[in-house]
Amino acid sequence: MSEPAVLTEQSACELTLDNLWQTSEGQRVLSCMQCGMCAGTCPYGDVMDYPPRRIIGMLREGQLEEVLKSQSLLNCVACYACMAKCPRGIRLTEVLLPLVKEQTFAQLPEVPAELQKALQNTLRYGNPMGESPRKRIEWIKTAGVPIRIFQQDPRPADVLWFVECYTSYHPRGQDNSRATARLFHALGIDFAILGNEEKCAGECARLLGEAGLFDTLTDYNKVLLQKYRFNRIVTSGAHAYDAFKYQYAPQGFDYEVHHTTPFLFRHLDKLKPKLTKKLNYTVTYHDSCCLGRHNGFYDEPRALLQAIPGVKLVEMTHNRINAICCGGGGGGMWLDTYYKAKGYERLSERRIQEAIATGADVLAVSCPYEVSRFEDALKVFGADKRMKVRDIVELLAESMEA
Amino acid sequence: MNILVLLKMVPDVVEELEVGPDGKSLDTSFLRTILNERDDHALEQALLLKDRLGGKITVLALDAPDMDDVLFTALAKGADRAVKITGAPEGLTTHGAARLCAQAIAGGPGLLPADLVLTGVQALDDLDGLAAPLLAQQLGFAYVGVVTGVTADGPNATVIKEYAGGVRGEFAVRLPAVLGVQAAEKPPRYVPVAKVRAVMKAQKIETVPAPAEAGAALVEVRQMAKPVVSSHAEMLEGSPEEIAGKLCELLAKRGLL
Amino acid sequence: MPANIWVLAEAWRGQISETTLEVLALGREVAGQLGAPLEAVLLGHNAKPLAASLGAADNVLYADHAALADLTPEAGAAALVQLIKERQPQAVLVPSTNLSMDIGALAAAQLQAAFVGGCKDLKADAGTLVAQCVVYGGKLEAAVAATTTPALFGVLPGSRPADAGRSGNVPAVADVAVTLPEAKVKFNRYLEPDAGDVDITQQDVLVAVGRGIQTKDNMELAESLAAALGGAVCGSRPVIDQGWLALSRQVGKSGMQVKPKLYIMLGISGAPEHVEGIKGAQLIVAVNTDATAPVFNVAHYGVVGDALEIAPALTDAVKAKKG
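Residue numbers (the numbering used here), protein chains in the order written: chain A, 3 to 404; chain B, 144 to 400; chain C, 44 to 366.
FYI, nobody ran anything at the bench for these hints, they're computed from the structure.
Just so we're clear, the structure is a prediction, and the values are computed from it rather than from any experiment.
The C-beta atom is built at its ideal place from N, Cα and C for all residues, glycine as well.
Keep in mind that a hint or two might mislead.
To be verified - Quick list of the computed label-pair ranges, beta carbon to beta carbon: (1) A:Lys344 - B:Asp194: 35 to 45 Å; (2) C:Asp242 - A:His187: 36 to 46 Å; (3) A:Gln65 - C:Ala334: 53 to 63 Å; (4) C:Glu266 - B:Arg365: 41 to 51 Å; (5) C:Lys362 - B:Asp194: 44 to 54 Å; (6) B:Asp165 - A:Asp155: 28 to 38 Å; (7) A:Asp48 - C:Glu263: 35 to 45 Å; (8) B:Asp165 - A:Leu226: 57 to 67 Å; (9) C:Thr171 - A:Leu226: 45 to 55 Å; (10) A:Met35 - B:Leu174: 42 to 52 Å; (11) B:Thr350 - C:Ala215: 39 to 49 Å; (12) C:Thr222 - B:Lys199: 33 to 43 Å; (13) A:Arg62 - B:Asp194: 29 to 39 Å; (14) B:Leu174 - C:Asn212: 41 to 51 Å.
Excised from the complex, chain A in its bound form (with noise of 0.2 Å):
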C-alpha cells in the first residue's frame, strides 16, 4: 500500500479522457472502492468540492461536466498523498487528475493572473519568471568552480546536469546550484549544462492540466538532447526528475536519470572524506513530494544529514510518507493568491508550524519551490531569525568549506 506508484504501462502522454477505459490505468480507475483514503489525506480535501474519491465517482458514472464546472481541482497541488495512499494504486496525481485538470483549464472562464503569467512565460522563455533565456548562466559567473556549457563545448560529458528554472533565476535557487556545483567539482564528476539552450522540463505545467505546454517543451527538449552524448541525467529538479522518468522515458527518450540528492547519496563513500566542517546543527527534514512520496527517496536525504558531522536530526509530525506538501507543485507555486482571495492557510504555512515546533535550527529541503515557500512562511510567523532553510546540498557543501 506504501509502495511507491512505478510505471509500468502506458505513459500519461497516450492517456484522453475518452480512451481511458480501454487502458490498464482505466481499469484501476473503474475497480475504486471509494474508500476515502485519497480525500482523507489531501491537505487540501476539505475545501475541494469534489475531492479526488468523488471524481472517480462522477467519471464512472459519466457525469464529469459537473466536475469541470467546479474550479475544485484548481486546489490540487499534485503533492502525491492521494496516489501514494491509493488501496487499488490509481495513479492519481501523475495520470488522471492532469487529464481532468486539462478538460477544466479548457472551461474556467478567467484563468488566474499570476498563473496565467507563469505559463505563458514558461511557453516564451522557457522559465515562469518571464526571465531571458541569456540569463540563464547568469549564476555560474559566481559558481566558483569551472562549469562546461555543451553549446560552447559539445564533447561528450558523463553527466548531463539538467540544473531547471528556479535553479538557474532565483537568488536563493542559485545558491543551490553553486552548492551543486562545488560538490560535483569535490567529487570529480565529468558534468555539462545546456546553458542558455535549457528550458524548463514542464512537468508541473503537465500537473496542472496544460498538457499542450508540457508537449511544446518536450518537443523542444527532445531536439535538443539530442544534439549532444552523456551517460545520464542529473537534475536538480525534482519535478523534472519525475518528467524524465515517467513521462520522457516511454516515448523513447530513456536515459538514466538522478536527482541530485540520491546521486550524491550514490557517492557518499567518496563524498564523506571531504565533509570536514561541523555544522552543529540540529536538523529536520522536509520530505519532498517528488522524491519522497512519489519516488520512495526517504532514507537517502537522511543519510546525508547524518553523514554531515554536527548535525542532529529530529523528525516533524508529518514525515516520510505522511509529509505535509510546501504547496508549490502542480502549479500551486502560482496560485498563492488566488488561494488568499478564498481565505485558505498556504500548505507552506501549515508546515512550517510543525518545523517550527521540532525546535530544530535549520529545515532541510530538497526541492527548489521550497526554499523560497518556506522562508517566507517563517517571516509570516516571525520565525525567520529562529530558524533558517537550507537544500541539503547548500549544507554539504557548507561542511565542505575548509
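Using the hints provided, position chains B and C relative to the given structure of chain A.
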C-alpha cells in the same frame, strides 16, 4: 458585427536591446519580437465584443518572424479568420506599414465591409505616425484613440477614451470606425497551448500579397543609442538589510522619517 | 523668414495644461534656433481668455467652434489641418498627451505628414529639426529627422520646465475661422474616477508599485511600507489594469501627476508613460531587478534587487528607526 483586428510584432524588451553596427537600427542578432501589447488588448476587446454581441473577427498582420504563432493563438482565442499580408518590403515604418495594411484591407478578400477596426493605440517602435489614425484616414472611417471600452448598438458604438487624472470621456461613434485601443475592459485572456496546437493543425492562415505600393518612411533615423543620461541613480549595494539601513539613513537626513 | 513653428495648445475643461507651457518653452527655443516666429494654436469654444496664458508665443491663432468644446480627435484634427493648409507652418509641436496625441496623429495622417512621437527634445540642425525620441519603452533613444514639411512632433511631458513657458507677455490673438465636417464622433460626457479614499496628488510620501510586484498578494508589502512611512500606495498602469489598485491611484499619462517629497518605486521599469507623472517628485528611490531599466535614469537612488525582498527589509528598518 464584423471586426478587423490589426496586429504587429515589436522588439521584446525583456531581452537586452543593442544598437546594430550602422548606429541607427537595432542589432538583430539576439532580437526577439513579441506581439505589441496594445494590439493584444485590441484583440481582447474584439473578443469581448464578440462574446457579448456575436459577430466575426478577422485578425490581420504583415508577415513577420513569429507572426504565425500569434495569428494561430488569436484563432484559438476565438478569432474566426486570420489573414497575413506577405511580400511587403522589409523595414517598413509605422506609416509605411499602415498605408499598406489599409490598402490590403480595402482591396482584400472579403475584409470589408467591417464595422470596427481595432488596433493598439501605439507601439514601442512608432516613429513617424500612429497606425490607427492612418488606417482611419485611408479607409475614411471615424476614429477615436486611447480607447478603454467599447459597446456597440446598431450603427453606432459607445466608446470610452482616457484622458489624464483618471478621467475618461464617453463618445458616440458612427460606424464604421477605427479605434486605437489603450486597454481592453479585461486583461487579455489565456488560451491553453493544446488548443493553439490543435488550431495549427486544423485551421489555415490565409495569405494575401502585399499591394505594390507601400507608404514611404516619413522620417530619417540619424542615430540610435542607449540613453545618454545627465544623471544616473546612485546605486546602493548589499544585502536587503544593509540597503534598508542605508536608505533609512538617507531618509532620516532629509527629515523624511 | 523661415516658416512658423506652431505649438498646439491644450485647453481642457477650462484650463491650459502644464504640458502646453512646457512645449511652448521648447518651441521658443527651436523657433529661436531657426529664426522663425512661434505661434500658438488654441482650439476651443468660448475659450479666448485662455489665450492670455500663451504669451511665450509671438501670437495666438484662436479657432472657436461649438464642436471644439470637449473636442473629439476628429474635430481637433480637422481644424488643425485646415489651419496648417492655409498657413503652412514648417512644424507643429503637439503635447504628447492622451488628448492631443490623437489630434496630432490624425492631422498628420490627413496631411500625409510625419507625426514623430515620443520626443523628449527637439533642436534645429542646419535648418532641419531633429528630434530626440524615446523608443522601446525608454531602453533606447533615436535622433530622428522628419522628411516632410510640415512635420508634427509629439512632445513628451517634461521636455522643459513649465515655468520656462510662462510669460508675462500678453500675446496678440487672431481669430481664425474653421469649418468642420459633419461629425462622425460626438462627445457624450466625462466619467470621473471614483473619489477614492486617498488623493495621491496631495501625499508627501508615495510607494509606487509596478509589474515587479507580481501579484495582488504582494501589494501588502507596499501597503506596509507606505504605512510605516506615513504615506500611500499608488501604481503604474499594469497594476491598475489588473484591478489591484483603483484608477484614482494611477500615476502617469492616463493618471495623476504627483509631487511627493519621497517616491519609492517598486518593480517599475520607468517607461515614459509612468515617468511623466512624477516630474515633481523630490526624492526618487527605485528598486528593480533589471540593472538596465530606464527607471535608474530617473531615480536619485537605485537598488538592483527584488522589490519583494527590499520592501519588507525597508519596512522593518523604518519601523526600527522610528522606534
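Hint-by-hint comparison with the structure:
1. A:Lys344 - B:Asp194: 35 to 45 Å: violated (25 Å)
2. C:Asp242 - A:His187: 36 to 46 Å: violated (59 Å)
3. A:Gln65 - C:Ala334: 53 to 63 Å: At 55 Å between Cβs, range holds.
4. C:Glu266 - B:Arg365: 41 to 51 Å: holds (47 Å)
5. C:Lys362 - B:Asp194: 44 to 54 Å: Holds, at about 48 Å.
6. B:Asp165 - A:Asp155: 28 to 38 Å: Holds, since aspartate 165 of chain B and aspartate 155 of chain A (Cβ atoms, about 33 Å apart) stay within the stated range.
7. A:Asp48 - C:Glu263: 35 to 45 Å: violated (26 Å)
8. B:Asp165 - A:Leu226: 57 to 67 Å: violated (34 Å)
9. C:Thr171 - A:Leu226: 45 to 55 Å: For threonine 171 of chain C and leucine 226 of chain A the Cβ distance comes to about 51 Å; the hint holds.
10. A:Met35 - B:Leu174: 42 to 52 Å: This hint is violated: roughly 59 Å between Cβ atoms.
11. B:Thr350 - C:Ala215: 39 to 49 Å: Check failed, 58 Å falls outside 39 to 49 Å.
12. C:Thr222 - B:Lys199: 33 to 43 Å: holds (38 Å)
13. A:Arg62 - B:Asp194: 29 to 39 Å: holds (34 Å)
14. B:Leu174 - C:Asn212: 41 to 51 Å: The hinted range 41 to 51 Å holds for leucine 174 of chain B and asparagine 212 of chain C, with Cβ atoms some 49 Å apart.
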